[in-house]
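Respectively, the protein sequence lines represent chains A and B. Using numbering that gives the first Met the number 0, the letters of the first sequence correspond one by one to residues 0 to 321. Using numbering that gives the first Met the number 0, the letters of the second sequence correspond one by one to residues 0 to 272.
Just to be clear, a hint being listed does not mean it is correct.
The following residues of chain A were derived to be distant from chain B, with all beta-carbon distances above 12 Å [stated by the list, open to error]: (1) G85; (2) E123; (3) G131; (4) K197; (5) N241; (6) I281.
Quick list of in silico lysine to any residue cross-link-like pairs, SDA-like style, CA-CA up to 25 Å [said to hold, decoys possible]: (7) K127/A <-> L248/B; (8) K127/A <-> L52/A; (9) K127/A <-> A208/A; (10) K127/A <-> L265/B; (11) K127/A <-> V126/B.
Simulated from the structure, these hints should not be mistaken for lab results. Glycine residues also receive a C-beta, built at the ideal position from the N, C-alpha and C atoms.
Here is how the chains run, residue by residue.
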Amino acid sequence: MPAELPTVDSAERVAYAEALGPTAGAAPPASVAAPRRAKRDWRGPLLAAPYFLHLAVFFGYPLVFALVLVFHRWDLVTPMEWVGLGNLGRLVADDLFARAMLNTGLFLLIHIPLQIVVALFFAELLNKRMPGQGFFRAIYFLPVVVSGVVVTILFAQLFAFDSGYVNRVLVALGGERVPWLVSPAWAMPAIALVATWKNVGLYVLLFLAGLQNIPAPLYEAAEVEGASRWQTWRLVTLPLLNPHMVTVVVLSTIGGFSLFVEPYVLTGGGPLNSTLSGLLYIYNQAFTFNHMGYAATLGLAFALLILVVVLVQRRVVEAEAT
Amino acid sequence: MRGRLPRLLAQAALVAGAVVFAYPFVWMALATLKPEAEISALNPLPSRWTAESYRLVFETIPLDRAFLNSVVVTGLVTTLALVFGSVTAYALARLRWRGREAAFGLILFTMMVPFLVLLIPLYTLVVGFGWTDSYAGLVVPFMMNATAVLILRQHFLSLPQGLIDAARIDGAGELRILFRIVWPLSVPALVTAGIIVFIGSWNEVLWPLLVVRDEAMMTMPQMVTLFAVGGGAESRLGPQLAAALLLALPVVAAYAAFQRRFVESLATTGLKG
């Protein structure tokens with residue numbers, strides 16, 4: 000390293016990077032580091048302080064306050080009232096809480112497998128390196144970027160019973176109208192379809208990255224062993240995609256409990272509460288009834304549920320791979 | 000893969016996929032330019048082109064004001080998240096201090112707690128501060144972004160130490176080093192983090208629904224949602240779709256301009272919402 004370094008200005012920055020790049024990752028010379036070390040001790044905490052101050056106020060405090068709220072009744076206006084385990088007792092007996100869990104379960108049961116199958120299908124196709132690959136990738140990803148509000152308003156019209164475009168097409172093809180958003184049996188599956196349509200592009204990319212990372216010698220070895228294409232896919236491809244599978248399952252689960260815009264705009268949680276989601280129920284409790292304590296209790300309950308479900312799913316998916 | 004027919008089938012499936020994902024948007028764009036009575040017709044093309052739906056949107060709701068609010072809020076959130084995110088990431092990546100690893104672990108922990116838990120207490124906090132119907136209520140809780148810190152820290156770790164030492168010898172302070180030397184070398188990481196924060200902030204609808212009731216302070220997704228749900232559109236489909244299209248436009252334009260970066264950014268982190 001040169002003894003004298005030029006002064007720093009914008010024109011020389013890149014030159015610095017290039018000149019010092021390859022070797023400079025190593026520890027700095029002692030003479031440089033030593034006099035600074037005492038000072039650097041407080042510089043780090045000082046620079047990080049704004050972030051952690053903010054974290055304490057807007058993450059730490061709410062997290063603790065959520066636990067306080069569990070034991071209180073509060074409408075934001077009158078003083079908080081201690082209710083002990085009242086909110087928990089209410090939770091256990093609450094039909095709508097059970098209903099929201101059931102709805103989320105149904106959503107995940109449709110959404111997760113559908114998402115995995117569709118994403119794998121398109122990822123495999125894109126992995127064949129055909130003309131226009133970049134174009135198709137960009138198109139599949141478009142709904143991921145666009146706001147959920149846009150997608151939801153769009154599908155409210157497409158899935159309308161009488162005048163919706165999808166039903167018009169079905170009738171024109173000689174089929175029957177499907178009561179997408181107006182029947183309790185169809186509403187949640189319809190929302191799962193919309194959510195899949197919106198998110199699947201992201202998982203296509205995740206799987207595509209996974210497929211491209213599988214080393215070619217593994218496939219060659221399978222061919223030498225005389226494995227059929229199905230066997231190769233089942234025994235080589237699928238296990239190696241497992242980490243991505245876990246990502247899809249975990250993100251979909253959190254997304255399922257946090258469904259909001261779709262039921263809020265498409266169905267308002269109906270018909271007959273068949274699309275009431277965890278987050279929508281919390282929203283209703285807090286802002287329709289001003290039950291802050293109970294809403295916070297619901298938030299914690301759903302978060303614990305997510306944790307349990309994700310842990311179980313991870314075990315299942317990982318066991319599947321071995 | 001080998002034969003000609005399978006290749007042709009695969010190509011056909013790719014095209015079919017593109018139709019499934021792109022056609023609804025094309026249909027929507029055309030529907031906003033139709034007379035209201037034709038929107039549910041099978042033919043996606045208008046018999047007569049008209050901007051009536053757009054005129055009705057701006058006649059009914061101050062969407063231009065909401066657009067401005069969204070620009071201010073998203074601009075502030077993204078800028079602050081990048082500035083403070085960089086400072087924090089620099090401290091975590093390039094400075095040695097006691098508790099640094101624990102601090103980083105704490106940031107990771109905050110990312111694992113679902114927002115469901117924080118929603119209500121955070122809302123009551125913002126009400127307590129008197130920040131409802133204000134930019135502060137929309138910006139301050141989200142001006143620090145853990146994902147941005149993570150991405151920037153990862154990038155800062157890869158920079159050569161000699162670069163920083165050289166600047167220190169010249170007597171540059173840490174903030175000067177960060178913004179004058181490290182930042183110009185970190186443009187891709189800043190863009191990646193910026194895109195993630197921008198998308199999340201622009202598309203956020205639940206939080207503004209909670210803290211803003213005054214129409215003059217509403218963000219664009221919030222106003223469009225309430226327009227569709229709250230009956231402002233009086234069940235006319237054209238204006239609803241037109242408002243939704245206007246909401247999508249800035250993001251789609253940004254996506255068209257930085258397509259590759261968008262895809263890479265969001266795919267590496269896993270998008271929520």
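Exclusion check [G131/A not at the chain B interface, CB over 12 Å]: Check fails; 7 Å does not lie beyond 12 Å.
Holds or violated: K127/A to V126/B, with C-alpha atoms at most 25 Å apart: Distance of about 54 Å is beyond 25 Å: violated.
No chain B beta carbon within 12 Å of K197/A's: Since the minimum Cβ distance to chain B is about 10 Å, K197/A lies within 12 Å and the statement is violated.
Non-interface claim for G85/A, where every Cβ of chain B lies beyond 12 Å: holds (16 Å)
Non-interface label on E123/A, tested against every C-beta of chain B at 12 Å: At about 9 Å from chain B, E123/A fails to clear the 12 Å cut-off, so the statement is violated.
Satisfaction of hint between A208/A and K127/A, Cα-Cα up to 25 Å: holds (13 Å)
Pair hint outcome, K127/A versus L265/B [Cα-Cα no greater than 25 Å]: holds (23 Å)
Status of the stated non-contact between I281/A and chain B (beta carbon gap over 12 Å): The claim is violated: I281/A sits with its nearest Cβ about 7 Å from chain B, within 12 Å.
Satisfaction of hint between L248/B and K127/A, Cα-Cα up to 25 Å: violated (32 Å)
Distance restraint between K127/A and L52/A, which requires alpha-carbon spacing of 25 Å or less: It is violated: about 50 Å lies between the C-alpha atoms, which goes past 25 Å.
Interface exclusion of N241/A relative to chain B, criterion Cβ beyond 12 Å: Answer for N241/A: holds, closest chain B Cβ roughly 16 Å.
In the structure shown, a violation is registered for the earlier hints numbered 2, 3, 4, 6, 7, 8, 11, in ascending order.
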